[in-house]
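Chains as they are written, first to last, in our numbering: chain A, 77 to 392; chain B, 59 to 737; chain C, 7 to 227; chain D, 213 to 694.
Fair warning: there could be bad hints in the mix.
Simulated crosslink set (DSS-like; lysine-lysine; CA at most 27 Å straight-line) [what the hints assert, rightly or not]:
1. K155/C - K713/B
2. K224/C - K640/D
3. K511/D - K224/C
4. K447/B - K92/B
5. K581/D - K640/D
6. K511/D - K222/C
Hints in this document: simulated from the structure, not taken from any laboratory. Owing to the predicted nature of the structure, the values given are computational and were not obtained by experimental measurement.
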Amino acid sequence: MIRQYYPILIESLQVVLVLLGGPLLVGWVRMLKCWTQGRRSAGLLQPMRDVTKLFVKETVLAENASWIFRSAPYVVFGATLMAGAIIPVVSADLPLAATADIIALVSIFALARFFTALAGLDTGTAFGGMGTSREMMVSSLAEPAVLMSVFTVSLVSHSTSLSFMVHELTTVQFILRPSLAFALLAFILIAIAETGRIPVDNPSTHLELTMIHEAMLLEYSGRHLALIEWASMMKLFLFASLGIALFLPWGIAGIDDPAMLPIALVAIVIKLGLIGVFIVLVETGLAKMRIFRVAEFLGMAFLLASLGMLSYFILE
Amino acid sequence: MPSPFELVSASIIVFLCISLVSAILANHQQFLVKLSNALSAAACLLAAFGGFLTVLSGSVETFILPIGLPDMPFYMRLDALSGFFISIVGLLGFFVSVYSIGYLKGFLGRRSVAPLLVFYNIFLAGMLLVLLSDDAYFFMISWELMAVSSFFLVFFEDEKVPNRRAAFIYVLIAHVGAVLILLSFGIMAGFAAGFESFHGYTFSAMRMAEMPAVWASIAFILAFAGFAAKAGIIPLHVWLPEAHPAAPSNVSALMSGVMLKTAVYGIIRVGFDMMGTPQWWWGGLVLALGLVSAVLGILYALMQSDIKRLLAYSSVENIGIIFIAVGLAMVFAYMKLGTLAALAMAAALYHMLNHAVFKGLLFMGAGAVLHATHERSMEALGGLIHKMKWTAPLFLAGCLSASALPPFNGFVSEWLIFQSFLLTPALPGRLLNLLIPLGAAALALTVALAARGFVKVFGITFLGQWRGRHDTHVAEVDWPMRAGMIMAALSCLLLGIFPNHVIGWLDAVPMSLVGGGIGETAKASGWLWLTPVAAERASYSAPLVFVWLVLVIGVLYFIFRARGVSIRRAPAWDCGFEKMTNRMQYTATSMSMPTRRIFGFAFSIREAVTVVSRRGSSLFPEKYLYRLKVRDHIWNFAYKPVSEASFWIARRVGKLQHGRIQIYLLYSFITLVVLLVFS
Amino acid sequence: MDLSLAAQINSVLAALILLTSFALLVQRRIQGLLHIFAWQGLLLSISTAVVGYSAGLHHLYISALLTLTLKVFALPYILYVLIHKLKIHKEVEEVVNIPTTMLIGIALVIFSYDLTSPVRELSTLLTRSTLAVALSTVMLGLLMMITRKKAVTQIVGFLSLENGLFFAATSATYGMPLVVELGVALDILIAAFIFGIFFFQIRTTFESLDLKEMEKLKEDE
Amino acid sequence: MALILVFVTSLLGAVVLAFVGDRKYAHEINIIGSGATFAASIFLAYEVYATGPMLAGDDFFFVDAFNVYLAVLTAFVSTTTAIFSRKYMKFERSHGRVGHKSMRFYHAMFQLFIFAMLLALLTNNVGVLWISMELATLSTVLLVSLYRTPAAIEAAWKYFILCGVGIALALFGTVLLYFAAEKVFGEGTQGLLWTNLNAYAGSLEPTVLSLAFIFLMVGYGTKVGLVPLHNWLPDAHSEGPTPISAVLSGLLLNVALYALVRCKVIVDGATGSNKTGYIMMAFGLLSIIVASFSLLRQKDIKRMFAYSSIEHMGIATFAFGLGGPVATFGALLHMLVHSITKSAIFFTVGHAAQMNSTQDMSRIRGLVKGNPLVGWGLMLGVVAIAGVPPFGVFTSEFLILTAAMKNAPYLAPVFLLGIAVAFAALMKRVMPMVFGDAAPWQGSLKASHFPVILHLVLILILGLYMPVFLNDWFHKAAELLR
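Here chain A stands alone, though its shape is the one from the complex:
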């Protein structure tokens, strides 16, 4: 009975986790930040409150906004949620994980970005265009880099389908590989860029000259904005758990052993918490880069990732 519904259960659990996890992680990061800067924090649930507030607010649409502008939030949210249904967070045994392997996953994120970018251009404002242009620059360097780093992992684990990768990595005994080290390094850099954190971008700014991701969203309001914000929070969460799944998967429940789940939950919470700490350290430690330094930053990430794959082919 449970057995046959187990896949559905685990999948829905996963989806719920992602939906809630995103805002929570962001809240956690903000809390930490406040503490480090010696401010009183708004609490763990603040992001969630923001989103719900936005949902009830009225939506204002620019006059010449087309259907692209209106549909973009839905596409973004849908795509991100799908990614959420694929990346193993607590259990490697996701029925939907086979829907899209890691390459497909990357391009699902790309799909979301594609529409955000179009939305930025749609209203024909100066800032929208600027945001789009910059975002596309970042992405056009970040995407290949992320692909390369995951390639390295998938070469090691002889698979590109996430659940099998996790399974493989958890089951075989651990050996330190230079290629993986490179890949991990690259991945961290890219994750920062992809999720629009300092030093690449600053999610909490609306200062015209520095913003990238926000610039595209300037015209959004109400539920559209809510969807996008929520999606970006989920994205942070997902990248974090993707990193976990690829580079430190220990603790994730393997193929059909539900008994493992509680431990897995605890493990993931701890890991995410640590990642949050890491993010905060980085963000308080560093300042935002000039826009064209970002290119070099990402170029380095790309280089590292390629080095990882090279070293796999040459050394291992």
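Since chain A is already given, all that's left is putting chains B, C and D on it; use the hints.
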């Protein structure tokens, strides 16, 4: 039930008849446009169907046409490979022909469309003949028929000097390429039967021929160079970004969508079929050039502000991607890895099919924009999404496929190529081993850049506000044009959603060439899941992705509908900026500025800012003029020197014709003496 | 007379012909040019006659006669008349100066001797040495055409070149078959008329017979 | 029988036209005369095809596969040229570029020229071959200078002198041939008959023959227009009346090459080596390269196509030098297709020049607008001559190139270079002339389209389908020349 071969040949005959009729009925334009395009559409369907059946059954049909030299009739052969390409030609030809019914109306009254119709049909016939021909002579004839007819199509609007220039460069490179191919055939024929008779010219004889490795390589290199020139591989691509914009859009759709593929067909035919097993470094060569073309192609594309030029460069990129896959297939075939070779080959074929469809769609869309606005430069376009309610979404579908985003078709084939990269085992030769990861990296970069490029195309052309000085009256195009684009867009989606069926269908081709297939393993875990080799290695389910997206979006949308919170329209906020004008938008040039900064080394960029100031005082400038000229290096590095050199030689040679009769007599005298001495 | 004597006569004539063609090279005055040319023709016809007599080939007499009429009387006369009609002033102008031309000429003679040596070995004729002379006459004629500036002198060179050919035809071989002889003679006659016409055309269009006028047609720099 | 007719008609035509002079039906007579010759040549061809090679007029004439097709070709092209020259010369006459004396002269000489070429082709006597070659030259010299412009006279003079000298050298070669033959056949005509020489080539003295070949090569090579003996050709072709240019480069060059090849056969037979072949290949390649590069910088339209003739003769010469059945087949075919195509081109060029009243290519524009058939005729003709299928020129070039790739692969790149450059040059020049907007000064005229269309259709057919008899002839001829 006629055999596939009969279907295809019937369509060829129809094409030739149409071109004849069009020549005769030259002064019933109105009627002619409808009739001839409708007929060609029908003929295309015939051909496509024939090709489809051939691939489906994996059958081989041969036929000998008793003309040509009496000792050397025209041999024809319809096998899975040619069948596949024929079905591509037929499919896109069908869409485009339907589209043309509307598109050519734009020319009526301005100029006679008779030449266009004549050469358009010869062009289609020529491509089919190339795919059918089975001996060197007939192949060359069909090849040049294709080339020359398209050459006349390129400068259909012949008053424009740039068009003529484009056509000239095109035909020159095409002809040189053709001669190279001819030379390679010469080698093969020589080893097949010597030159005591004409029987060495048939492909079957060449297949039999035993060639020493050196000569085989020379022959392959020659053929490859020739075909690469046609395919527009960098550095032989220069004709492509000139010719495609110059040609009428329906023609550029065909040229870019299918003509380039015939070159790939040639390489596969020679490399896999006629040469037997390829040598490993051939694969390496093809792979390397493919990579270069892919990356540089898309980079150059990003710099363009002319829609059709941009699309043309993106064709260079896609051909590069196809070559990457073909190169991998060659390497695997050399290593006798049947399945992997089949995977790479299938990826290549699939991507050709996809590229044909979406690039055709995009060019048709560009044509629609051109037709509606008479404007090709994106700098003067914008906001068309409000005026062209049909074209915009269709074009968007094309862009999504071209930038390899799920669930559209472009993604599937590129995914397969990535898979074949990741499945590569250790290879012979350190160079290749380096090439594989670099290749993967380059491909990844290409895909990302492509997405960037197509955001630019769609965003600048269709979104925002009209950038032109005065807002011209723009109307949506008529139904035939829409129909053509709709069909293309639908097939983009379907090819993306049901990859298993497609792969299962085209599996006959790799089966016949590399003796392996992935048709079975691909749908091992049901039609829903695409698993190229095994579910453990990789899996992708396009239908689910599609359904999921539709579901989520639909659900959310209806939730909000149900809550019925009103949406208020207001002027764009833009951080409180006031008096927004359409000149404040980002333009195509400014969009691509970051890329220009990052990848500047790849171009020759000339920027100039001139300050126009009132009354000479530079303190209060009236306006700034910004001029930008971005060209690819290849022209200056490779072509200019050659042409200058040949003119230099020409001048030297001209001095021979000195004008003084005594000198001429002296030539004869010296010749005589020299000959007498040296014999 | 016996063959050896005929051979001696013949080789003497050969030597004389060679001499005349050298004389053509050095001659500065057009009048003199014509005279020398006529002499050359005469020598040619004599040698033809001698060969014909000694070998008892009577059709050679005909060709001898032809040569006499054409080369000794007709052509020189035509040229003479033309020169007077067209008032060509007397001096010959050369591109290369005379001594150099002489040296080149001598080199050519040596060259043609060397060239025909294998042929001479196998020739069984009494006239074998003459082939070399014929060849060198041809060469010298060509040389003359190259080194002279006037249309007339070119023609004279051309004709002496043809003399060389005749000499080869008659004395190296026992004369070509009559058909050919006649044909060749006819051609030469026509040629003579044509250059006659030409001189007038050139004269009327260019006001001179200097070839410098006729260097317009060329590849422009 | 037919043989006699062939000569009678052309000679008679010459005589009659000499008397008819500038009457208004002179053109028609000219056409009829050449037409009759053509018909006769067809009969002759039929006889030969039926009965095989034949000797006639006590061995004075020899007709075989090799020369009979050239004879038919000559008669055919001369007929179409006559048809073309009807309208063309009427235009020239009405625009006062030629007087009535010159018209008389033109027609008579035209027929005489045809006669000379046919004689050269069909005779068996090497001496007579030489004579008729000379006759062909002399009969065209004054046609080249027909317009009496300084340029025309200069061109004619150069033509006269250069070809005269060349031909003289060829005579020396012939003499040497006879000199060698004499020792085998003794006195008399026997020693000059090609059939005999060919039959007993083995017993002729090789040193003499190789010496002779050099003179023949330089001599006839001058008339073929091989570099560096070619300098008369561009001038003569560009300055004469266009019909003459058409027959000069369409026919005379062929005949000269024919003479050369006939001699080559004998010499090869005697020496038993392919040294002659190498010499011819060298000349061929040199001609291809020099001609194609010269094409690049041409301004005068007829001059350009003259150079293209040099290039194609070079190709044919190269192929003959290459030897082997396929290459020789290609060479023979190339002679055929080149003369058909090139004459067609000259027809259109003539009209184009008349329409724009200039031969300067920069002043000829938008022919398709002015006269579509002339425009497309020129375009297709050039496409054909540039060696693009499905036109016949491609067929021969295909055979030659592939054969070259087998027998002399190291030469193929040079060949390729030549072809590419020539193609580029022709296309670059012709596209603006044919397309684009018509020049304001462009006039209209009654062009004679029939010959052009006929030639183009023929050349197209030859590219796609070769009649069996032609194929047999080429094979026989190739046998003969190996």
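Evaluated hints:
no.: 1; hint: K155/C - K713/B; verdict: 20 Å, holds
no.: 2; hint: K224/C - K640/D; verdict: 21 Å, holds
no.: 3; hint: K511/D - K224/C; verdict: 11 Å, holds
no.: 4; hint: K447/B - K92/B; verdict: 25 Å, holds
no.: 5; hint: K581/D - K640/D; verdict: 19 Å, holds
no.: 6; hint: K511/D - K222/C; verdict: 14 Å, holds
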